[in-house]
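K.L.:
Below are the chains, spelled out letter by letter.
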Amino acid sequence: MTTTIPLELSKKDFVSDQTVRWCPGCGDYAILAQMQKILPEIGVAKEDIVFISGIGCSSRFPYYMNTYGMHSIHGRAPTIASGLAVANPDLSIWVVTGDGDGLSIGGNHLIHAIRRNVNVNILLFNNRIYGLTKGQYSPTSRQGTRTKSSPMGSIEQPLNPLTLALAAEATFVARTMDVDTKHLGEVLKAAAEHKGTSFIEIYQNCVIFNPNEWAGIDDRKTRSDHVVYLEHGKPLVFGKNNDKGIRLNGFKPEVVELGGKFTEADLIVHDESSQELAFILAHMEHPIYPPPMGVIRNVTKQDYSAGLMEQVEAAQKQKGVGDLATLYSAGETWTV
Amino acid sequence: MSDPTTQIVELESVVIRFAGDSGDGMQLTGTQFTNTSAVFGNDISTFPDYPAEIRAPAGTLAGVSGFQVNLSEHDILTPGDSPYVLIAMNPAALKASLPDLQRGGIIIVNTDAFTPANLKKADYDTNPLEDGSLAGYEVHEVPLTTLTRETLKDMETLTTKDKDRCQNFFALGMTFWIFDRELSVSESWLDQKFAKKPELAEANKKALETGYYFGETTEVFRRRFSIRPAALKKGTYRKITGNEALALGLVTGAKKMGKPLFYGSYPITPASDILHNLAPLRNFDVRTFQAEDEIAAMGSVIGAAFGGALAVTGTSGPGVALKGEAMGLAMMLELPMVIINVQRGGPSTGLPTKVEQSDLLQMLYGRNGESPIPVLAPQSPTDAFDIAYEACRLAVHAMTPVAILSDGYLANSSEPWLIPNPDEIADIPVNHPAEREEEDAPFFPYLRNEESLARPWAIPGTRGLEHRVGGLSKAPITGNVSYEPKHHSQMVRERAEKVARLANVIPELKVDGPGEGDLLVVSWGGTFGAVHTAVRRAQAAGFEVSHAHFRYLNPFPKNTEAVLRNFKRILIPELNMGQLAFVLRGTFALDTIITYSKMHGRPFKISELYDKLEELLG
Ligand code: SF4
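The listed protein sequences derive, respectively, from chains A and B.
Under my numbering, the first sequence is numbered contiguously, ending at residue 352.
Under my numbering, the second sequence is numbered contiguously, ending at residue 739.
Hints are computed from structural coordinates only; laboratory data are not their basis.
Here the structure is a predicted model, which is why all the values come from computation and not from measurement.
You may find that some hints are simply not true.
Unchecked claim - As a list, the in silico DSSO-like pairs of lysine-lysine whose alpha-carbon atoms are at most 27 Å apart:
no., chain 1, residue 1, chain 2, residue 2
1, A, K277, A, K250
2, B, K216, A, K333
3, A, K335, B, K719
4, A, K333, B, K274
5, B, K377, A, K335
6, B, K216, B, K241
7, B, K719, B, K607
8, B, K274, B, K318
9, A, K333, B, K631
10, B, K318, A, K335
11, B, K631, B, K354
Unchecked claim - Here are a few chain B residues that face chain A, going by a calculated C-beta distance under 7 Å:
no., residue
12, N156
13, L353
14, R359
15, A417
16, S421
17, V422
18, G428
19, G445
20, W578
21, G582
Think of the CB as a built atom: it goes at the ideal place given N, C-alpha and C, for glycine as much as any other residue.
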């Protein structure tokens, strides 16, 4: 680790010399810009930041960041990030993945990285389509999605990235959106602060192959009527005039108008520590519900590397720092 | 000794096999016998042979678990072709082992297990103890179960099942008596093992002792045997298996690099014991990571190598198949790491607990694109220590993944290991580039060392060396993504050349016997012991034949072609269809190679190799 005083960093310090090659209008640009903007503010030296990606449009991300980075192979970024976090637990590691990379070919790794609570921030760019391979349906595509590989509509039921992460006992789960830049920046910062796995679903617009996926919620003017922003300890109020809210009717969330029969006191109060509430919120899917945006769950548990290093320290304390001569002669020996 | 009618016969060496049901504790019994013999000073070589199923149906041939040990007053290199003494705990064990037994050999059977039901399970139509089929062997019938129960009848806290589980120690005690060995090593082992259950320690010790005195008092055994200590090189020894030696070699490599050892692995037979050996070594800063699958294990190793640890994974052939894509990435990233393949019988799930050498081509070529990876192979259980350390050294020297091809035989076989002085093992120099300030010259992640062609190992956390790597084709020096035809071509050639240049820093191929002549026997990996012994025997019998053994399979030692061209004929015995033969023919355009294949899931016997040599030279 470096012992020198950290430099004052600005956004441009995080811009690499490589030309960005996403399609014009792609949602990835906004995410990249926000990332470069918030990194100077998270209090981590630039040399301690690493971006790891798999394969797909989003996975080009590391090349554009002037940090350490690796563009690896399809679906495996969480495994590489896990090894890296174990080798050097002091790094700030960011995994950039997509709905195909992270939930299809790499689904298993995603679950296990989350389950282990490896200290990495996983950004899943969800555009509900395969972009790089030119437009096949993905594991998050809505049933009936017509693509080149599903001309009569996709048959499969989509995965919900948030419920998947929660089922894997994620300690930090959030959702945000490419075009909602301020919110995006805030969520990224919150993820950076969290120790353990931070899982963030980012609604991202693939302007080429799935341009209308987020219709309604991607428009700045109407968005507040279509999503609900979460704040810990605050009731779930939304709408342009803060005139709507979410209450629980039995186990079911229900959208209600405020001012008449219901007041804020009837609404769900967000609690980032509640696994039960997290599942209810994560299941609120567009367009039946306003999808929740922000931190859904945030709890503290020991991260994997910390647990491992604790064992190393305990073993060294108990047995002393390993000595080869002693190790070689363990068990039965005899002298000739 | 007390009995004048018993005669003690001196043997130079003897092969003993303990065989029983997989629940009978035969591996343990064999290990105990071996430990005592090793401490006594014999040279030893052991070979466990057990079924893939943890508990195959009791009493069946599929469930037989065997442990063979060769003891000698000479230097020995294999667990022996054919046992002279067989301890068979049931009919199936007898049936499975009899074909290997030496004519005139000694058989000790547990008669209590020779029930009609057990005979049927072992596919015996008639009882071999009664039908005369064992004529020509010296058979000792011992009612082991009855005797053990009788011995322990006063131990009321134990169930009959507990008592029956002591019968292997009764058999061990008898065997100790026959081979004139002391009980103390096993006794203290039992005390330690059952420290928390003293009544079990007591019961097993009682069975052991009674078994021993049973031999002495009953006159069942007319002959006893003694094998003198071997004249081994002076020093302190321990017994070590190939898997243990790999683990120790890796820990040593990490220490000598001043690095934590990261071992990312998914459980697979016969490699899991490496993980089991490393996991308790947290005080050496060994960071084991049990991954969710083989691919994840390989990925984790790439991440750990990028992060600056000594990164290692261990698996077997099916695991390597899954790791292939990630191994290609590792090769492309040019990061140092070690990939161990403990080969088993293939293809597919194959023979999980048996030996084969059929992953050589997979290891050399089993990836997409031009993807050269250095490959080393230990020649014996103890050599696995040296090979593991050597793999670490070469990985760092050339900034490349290095593969180790061990096998199921080396993994589980044991032999005495002359314990080295760790201070005499050289450090492995690691040069991470230093941090840079903005005004310094730019950092080039693929600027190669002129001699080794290694690129710098710049690790995250180092100021000023931020850089990106990846699996896309890249430009020389900068490592930036590039699809330029000449860049791609240059990088492919540089990576190949880098591996080829390792030939400059590895030892030359040695020839045992004349350096030129009619016949050279070539072997690689775990077949060394059998091949070497067979060639030595042929040489002693007056045949003109030489032997060369490869521990380095990519690159080959520099003098390989010169050595091979000095002989009219080259015989390559392999536990596969001729994979090294294929590579050598192709690499050096040789038409002098004769392959000798065996795919039985078992190691070569010295005798079958000797017969082949006789056939070629006689
Ligand atoms: S294909 Fe879609 S996701 Fe990929 S770069 Fe273009 S717009 Fe972005």
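K.L.:
Hint by hint, say whether it matches the structure.
P.N.:
Hints versus structure:
1. The hinted pair formed by K277(A) and K250(A) meets the criterion: a straight-line CA distance of about 20 Å does not exceed 27 Å.
2. Restraint check for K216(B) and K333(A): the C-alpha separation of about 53 Å exceeds 27 Å, so the hint is violated.
3. At most 27 Å may separate the alpha-carbon atoms for a hinted pair to count; K335(A) and K719(B) exceed this at roughly 47 Å.
4. Using a Cα cut-off of 27 Å, the hinted pair K333(A) and K274(B) is violated, with the two alpha carbons roughly 46 Å apart.
5. A threshold of 27 Å between alpha carbons decides the hint, and for K377(B) with K335(A) the separation of about 20 Å falls inside it, so the pair holds.
6. Distance check on the hinted pair: K216(B) and K241(B) sit about 12 Å apart at the alpha-carbon level, within 27 Å; holds.
7. Of the pairs offered as hints, the one joining K719(B) and K607(B) is violated, with about 45 Å between alpha carbons and a cut-off of 27 Å exceeded.
8. Distance check on the hinted pair: K274(B) and K318(B) sit about 18 Å apart at the alpha-carbon level, within 27 Å; holds.
9. With a CA separation close to 46 Å, the supplied pair K333(A) and K631(B) exceeds the 27 Å bound.
10. Proposed proximity of K318(B) and K335(A) is supported: the alpha carbons are some 25 Å apart, at most 27 Å.
11. Pair hint K631(B) plus K354(B) holds up; C-alpha atoms about 22 Å apart against a cutoff of 27 Å.
12. Interface hint at N156(B): satisfied, since its Cβ lies 5 Å from the closest Cβ of chain A, which is below the 7 Å cut-off.
13. Hint on L353(B) holds. Least Cβ distance to chain A is approximately 5 Å, under the 7 Å limit.
14. For R359(B), the suggested interface contact is upheld, since its CB lies about 5 Å from the closest CB of chain A, less than 7 Å.
15. A distance limit of 7 Å between C-beta atoms decides the matter here; for A417(B) the minimum to chain A is near 4 Å, and the interface restraint holds.
16. Look at S421(B): its Cβ gets to within about 3 Å of chain A, closer than 7 Å, so that hint holds up.
17. Residue-level restraint check for V422(B) holds (minimum Cβ-Cβ distance to chain A is 6 Å; threshold 7 Å).
18. Because the closest C-beta pair between G428(B) and chain A is about 3 Å apart, less than 7 Å, the hint holds.
19. A least Cβ separation of about 11 Å between G445(B) and chain A goes past the 7 Å threshold, and the interface hint is therefore violated.
20. Of the supplied interface hints, the one on W578(B) is violated, with its beta-carbon coming no nearer than about 12 Å to a beta-carbon of chain A, more than 7 Å.
21. The beta carbon of G582(B) is positioned within 7 Å of a beta carbon in chain A (closest approach about 5 Å), and the interface hint is therefore held.
When each numbered hint is compared with the structure, violations occur for hints 2, 3, 4, 7, 9, 19, 20.
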